[in-house]
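Engineer: Sequence:
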Amino acid sequence: MQCPACRAVQPWSDACRRCKCDLGLLRSAVAAANERRTQCLEALRDGRWPEAVHLAQQAYDLAPTQDAARTLAVCHLVNGEWRLALELARRAAD
Numbered sequence: 003m004q005c006p007a008c009r010a011v012q013p014w015s016d017a018c019r020r021c022k023c024d025l026g027l028l029r030s031a032v033a034a035a036n037e038r039r040t041q042c043l044e045a046l047r048d049g050r051w052p053e054a055v056h057l058a059q060q061a062y063d064l065a066p067t068q069d070a071a072r073t074l075a076v077c078h079l080v081n082g083e084w085r086l087a088l089e090l091a092r093r094a095a096d
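All residue numbers for the sequence shown refer to the numbering used here, where the first residue is 3 and numbers rise by one.
Hint data in this document are derived by calculation from the structure and do not stem from the laboratory. Quick caveat, the model's predicted, so the values are computed rather than measured. Backbone N, C-alpha and C fix where the C-beta goes; we use that ideal spot for every residue, glycine too. Heads up, some of the hints might be wrong.
Here are the computed distance ranges between Cβ atoms for each label pair [stated by the list, open to error]: (1) Gly82 with Asp24: 41 to 49 Å; (2) Glu89 with Cys8: 27 to 35 Å; (3) Gln4 with Asp63: 16 to 24 Å; (4) Glu53 with Ala7: 34 to 42 Å; (5) Asp16 with Leu86: 35 to 43 Å; (6) Pro6 with Arg93: 13 to 21 Å; (7) Thr67 with Arg47: 17 to 25 Å; (8) Val80 with Val32: 23 to 31 Å; (9) Glu53 with Ala17: 35 to 43 Å; (10) Ala34 with Asn81: 17 to 25 Å.
The task is simple: from the sequences and hints, build the whole structure.
Structural biologist: Given below as structure tokens:
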């Protein structure tokens, strides 16, 4: 992971090794995003498309990673929201 304050790259920990920034909140946000993404994938599997979009959006809002953008793009695609899906797919490719 990368410290958001000083950009030091390090393994996950509760504090940055360089600047001593508290990383607990970041760790919690990433864990919550991963949980929402897992719930989203379950909703996709079960055919609950609107719920999947909602969960994917929450995951992306918590941690806007390329994986989160791809997942959100797929959710918009299965919901027939082509423009949003394409926009997110392009964002994930950058």
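Engineer: Against the structure, test the hints numbered earlier, and report the numbers of the ones violated in rising order.
Structural biologist: none
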